[in-house]
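Asker: One letter stands for each residue in the lines below.
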Amino acid sequence: MTGRTSEPDDLEATLVSFAPRVYGLLLRLVGRPDVAEDLMQETMLRAYRSFDTYRPEGKFRAWIFRIAVNLARDWIRRRRREPSTSIEAEGDPLGRGTPAAHLPPDARMDRGERARLVEQAMARLPEADRQILLMRYYGELPFKDIARATGEPLGTVLARAHRALAKLGNLIPEDES
Amino acid sequence: MSRCPENTEWVLYAAGELPASRRSALEAHLEACATCRREAAVLRRGLAAMEVLDRDAPVRPEAMETLRRRLRAVAAHRPARRPIVLVLWHYRWAAAAAVLVAAALAWSLIPGPTETIQPPAATQATAPSAAQWLPDAQVQEEITEIAVGVEMLEGGENVKLSGAKAAQTDTGNDDSLDETDRMLEMLQAESDA
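Chains as they are written, first to last, in the working numbering: chain A, 1 to 177; chain B, 1001 to 1193.
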């Protein structure tokens, strides 16, 4: 959806339809289903309340994902300020801190296992780089829209994306490309 | 293209976000540059690696129901937009005044019956076309009266004329017209003499 939703009923239905995608993004950002669920709900409520501030020239999806990413950032910052409940202390469900694993060249590894390795690799990326890739993948947004949503220059966004994609790309053997 | 493109441009290339002309230029460069071929291939593999991730994560039905309920609760407390009638009611006096002004303007522009709309006397004297608004007999009468008035003014009879006109205005009956006629006759006699 790129245009402005005019009726509240339409807005509610649109937000509900975005819920699984936003939840998927948040789950990859914070790594905890319960937190991702709470943040997803908060994202939708904030979007609903502040819909009047949405500018139709931007993509609606980018606007929603920006709210979600900002909420996830806030949550991660708060967690870091709490030493007894740090991500490292609890164990990271996304495998941050796990040694890098390369995908085997043969195709016997099932999709779930490959997904787990990719998630682990993404979890090791710098947070800002990972957010760029997640917005690109889950939001299906072009990089210029991501730059607009994050408020960063396009060059910075592309530099982050290059660094992150190069790391992910090196996981996969050349003959699988 | 001799120089290698920036790394960030290869990101746009791998993601398919370059304009066609620029994309063609980079593809031409790839044919001649093994380093950039490797660069582009790694970035493509990086994008492909993410495709194993499910974009939509299943949300618990209870969580979806909670979301719908909370959205409805927010909607219920959201101030409703004022109906347009109420908005206009706020400006009812201005709207009424505008309607009256428009009606008066329209009324003044519509040609009505000849008895009710008459151009000013001065206009009649200087604009012959205005005579079309009046019956011929009335036009002649008006012209005569005005011509006499002009003659009187030229003859220095301002006081007598204004007195006669004032009497005509005050009484509004045929006697005043007779008085005027008599005065005009007297003036005509003086003029002849």
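FYI, nobody ran anything at the bench for these hints, they're computed from the structure.
One thing to keep in mind: the hints can contain errors.
Reference excerpt, derived from the structure (chain A facing chain B, CB under 10 Å, subset only) [stated by the list, open to error]:
no.	residue
1	Arg32
2	Val35
3	Arg111
4	Arg136
5	Arg148
Coverage of chain B stretches by chain A, computed from C-beta distances (three or more under 8 Å per stretch; other residues unrestricted) [to be verified]:
no.	segment
6	1010-1016
7	1034-1044
8	1052-1066
All values derive from a computational prediction rather than experimental measurement.
Glycine included, every Cβ here is placed at the ideal spot set by N, Cα and C.
Asker: Does each hint hold? Answer for all of them.
Answerer: For each hint, the structure was consulted:
1. Interface restraint check: A:Arg32 against chain B, minimum CB-CB distance 12 Å, threshold 10 Å, status violated.
2. The interface hint given for A:Val35 is broken, as the beta carbon of that residue sits about 12 Å from the closest beta carbon of chain B, more than 10 Å.
3. At a threshold of 10 Å, the smallest CB-CB gap from A:Arg111 to chain B is about 6 Å, leaving the interface hint in force.
4. Annotation: interface hint on A:Arg136 holds; nearest CB of chain B at approximately 7 Å, less than 10 Å.
5. Look at A:Arg148: its Cβ only gets to about 14 Å from chain B, farther than 10 Å, so that hint breaks.
6. A count of 5 residues in the segment 1010-1016 of chain B with a Cβ less than 8 Å from any Cβ of chain A is obtained; the coverage claim is therefore met, three being the minimum.
7. Coverage of a stretch by a chain is defined here by at least three residues with a beta carbon nearer than 8 Å to that chain's beta carbons; for the segment 1034-1044 of chain B and chain A the count is 4, and the condition holds.
8. Evaluation of the coverage hint for the segment 1052-1066 of chain B: fulfilled, as 12 residues show C-beta separations to chain A shorter than 8 Å, against a requirement of three.
Hints 1, 2 and 5 from the list above are not met by this structure, while the remaining hints are.
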